[in-house]
Amino acid sequence: MESTALFLTGTAVGCLIGVIGARFYQKRATVNRIQSAREEARLILDSARAEADKSLQLAEQRAKEEAQRRVKQVERELAKRRHEAERRERKLAQREKALERREETIAGQEAELERGRHQCAAREAALARQTAEVEAQRAEAIRRCEEISGLTSDQARKLLLEILEADVRNDAAALVRRVETETRELANKKARQIITLAIQKCATDQVSETTVSVVNLPNDEMKGRIIGREGRNIRALEATTGCNIIVDDTPEAVVLSCFDPLRREVARLTLERLLGDGRIHPGRIEEVVAKVERELADHIREVGEQTVFDLGISDMHPELIKTLGRLKYRTSYGQNILTHSVEVARLCSHMAGELGADTDVAKRAGLLHDIGKALSYEMEGTHALIGADLAKKCNEAPGVVHAIAAHHNEEEPRTIIAVLVQAADAISSARPGVRRESLENYIKRMQRLEAIATGFPGVSKAFAIQAGRELRIMVEPTEVNDNEAALLARDVTKKIEQELEYPGQIKVTICREYRVTEYAK
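Per numbering that gives the first Met the number 0, residue 0 is the first one in the sequence shown, and the count goes up by one each step.
Quick caveat, the hints were computed from the structure, so don't treat them as lab data. All residues carry an ideal CB built from backbone N, CA and C; glycine is no exception. Misleading hints may appear alongside valid ones.
Said to hold, decoys possible - No more than 27 angstroms apart at the CA atoms, straight line, and that leaves these computed lysine-lysine pairs for BS3-like:
1) K506 with K443
2) K460 with K290
3) K321 with K443
4) K460 with K443
5) K53 with K90
6) K290 with K222
7) K443 with K493
Unchecked claim - Simulated DEER-style distance windows between Cβ atoms:
8) A92 with A131: 54 to 60 angstroms
9) D219 with E409: 50 to 56 angstroms
10) E379 with E184: 42 to 48 angstroms
11) H407 with A171: 27 to 33 angstroms
12) H407 with G454: 24 to 30 angstroms
13) P317 with L486: 43 to 49 angstroms
14) E478 with E292: 22 to 28 angstroms
15) L163 with E123: 32 to 38 angstroms
16) A171 with A131: 37 to 43 angstroms
17) A92 with E123: 44 to 50 angstroms
18) E498 with E478: 21 to 27 angstroms
19) V73 with G107: 49 to 55 angstroms
20) R176 with E301: 55 to 61 angstroms
With the hints as constraints, model all of the structure from the sequences given.
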């Protein structure tokens, strides 16, 4: 028990000593931490002070640099203003010197002017004295003349004027008559010379235009194939081309009759191709006609281009070239219009060259003067005004447009080119045998027949055939039925009787065909 108590006592003492030591060590550590914190705070404070000093020094340096920069900038600005002020001073000094020189010049001029004024005054006085002396001498001369002649000055003046007036009037009348006679003779001689030279330089061939074409056949058996079973081939040809195909006893030949040369050419080319191919039936006929029409359109354009190239004309609108090619298949009183236009262009060019006018403008105006005839059946109005409108739309020169419009006096000719076009047109048209009025009347009657028919609703095409003795009308089957076709034929005949004059009678035939086409795929 005693040893146990001692052990417990020793243990308690040891624990107490440990507690005391731990507290002592903790206190010492706390003191050390405080000292360490104080040292660290001092270091931070020293660093902050050093950093503040450094920042202050840097700020002071920057402030000095900024101050120096501002000072330099102010110095530069002052130097610039000082230079500007010096420049202005120099300029003012120059102006002052110039003003001084000008004042000196003005002073010298004023002195010179004053001297001139004195001289003028002296001359005026001398002139007044001389005028008075001349007037006195003139009065004395008049007085002496009146004494010698026994007439007053007014009477002598009147008598002299009467004598001079009579003499001058007679001389003027004689001079006017002589000048008029010489001018008229010279103008007629010069005009005949110019026209003669132009005609000599322009020698064109005269081609006789007809209304029929002959297609040669390899043998007479082809006539039966052209006619076809129950005449279906020849009917299809006439319906699609608008030409009258005459198959008669003429050996190895078929005659195509039509007033429109373009339709006749389409029919001729179509028939030649069908004969060369050997396949002749309605479907093939329509196919060949469509192909020939396309190729003929290309040929018309090529004809226009070749015509322009041959005449040496450049920069012509493509629409004018195409329309010009169509004139190859148009005639006027039997004269081919394209040939006539080329001839007029050359005549205008030659006459313009003789007169010193613009030959290029004259040539263009002469070539295009009848361009409206290619469109006259499509538009209302005279061919001159139609052609002028077309040329204006295609940006032709105003002089060319005016010459086209004025060549038949729809407008008053205002330029020498317009007068030359009129003269050349008359020369080309008035040559012996160049025109036949009967053919022109015949063509007009054919066109009028077709125009009457196409004016009715439901009519798709109309063809005047058999020299105007028959009118075939193609109608739309969906718009005109069989009963309406009979009424249409009666209406057309009545209108023809009222508006046309014609020999004999005209047969009106209405063709109505309804087709249904399907394709097996």
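Right, here's what the structure says about each hint:
Simply put, K506 and K443 have alpha-carbon atoms about 18 angstroms apart, close enough for the 27 angstroms limit, and the pair holds. Among the hinted pairs, K460 with K290 is consistent with the structure: their alpha-carbon atoms are about 19 angstroms apart, no more than 27 angstroms. The hinted pair formed by K321 and K443 meets the criterion: a straight-line CA distance of about 24 angstroms does not exceed 27 angstroms. Using a Cα cut-off of 27 angstroms, the hinted pair K460 and K443 holds, with the two alpha carbons roughly 18 angstroms apart.
Proposed proximity of K53 and K90 is contradicted: the alpha carbons are some 55 angstroms apart, above 27 angstroms. Annotation: proposed proximity of K290 to K222 holds, straight-line Cα distance about 23 angstroms (limit 27 angstroms). For a cut-off of 27 angstroms, the pair hint linking K443 to K493 stands: about 19 angstroms separates their Cα positions. In this structure the hint that A92 and A131 lie 54 to 60 angstroms apart at CB holds, the actual value being about 59 angstroms.
At roughly 53 angstroms, the beta-carbon separation of D219 and E409 lies within the given 50 to 56 angstroms, and the hint holds. Separation of E379 from E184 is about 46 angstroms and conforms to the stated range, judged on CB atoms against 42 to 48 angstroms. For the pair H407 and A171, the beta carbons lie near 41 angstroms from each other, so the given range of 27 to 33 angstroms is not met. Separation of H407 from G454 is about 27 angstroms and conforms to the stated range, judged on CB atoms against 24 to 30 angstroms.
Checked against the hint of 43 to 49 angstroms, the pair P317 and L486 passes, with Cβ atoms roughly 45 angstroms apart. Separated by about 24 angstroms at the C-beta atoms, E478 and E292 satisfy the suggested range of 22 to 28 angstroms. The hint said 32 to 38 angstroms for the Cβ distance between L163 and E123, and at roughly 36 angstroms that hint holds. Checked against the hint of 37 to 43 angstroms, the C-beta distance between A171 and A131 comes to roughly 40 angstroms, which is consistent with it.
In this structure the supplied range 44 to 50 angstroms holds for A92 paired with E123, their Cβ-Cβ distance being about 46 angstroms. Taking 21 to 27 angstroms as the suggested C-beta distance range, the pair E498 and E478 conforms, at roughly 24 angstroms. Taking 49 to 55 angstroms as the suggested C-beta distance range, the pair V73 and G107 conforms, at roughly 51 angstroms. Checked against the hint of 55 to 61 angstroms, the C-beta distance between R176 and E301 comes to roughly 59 angstroms, which is consistent with it.
Checked against the numbered hints above, the structure violates hints 5 and 11; every other hint is satisfied.
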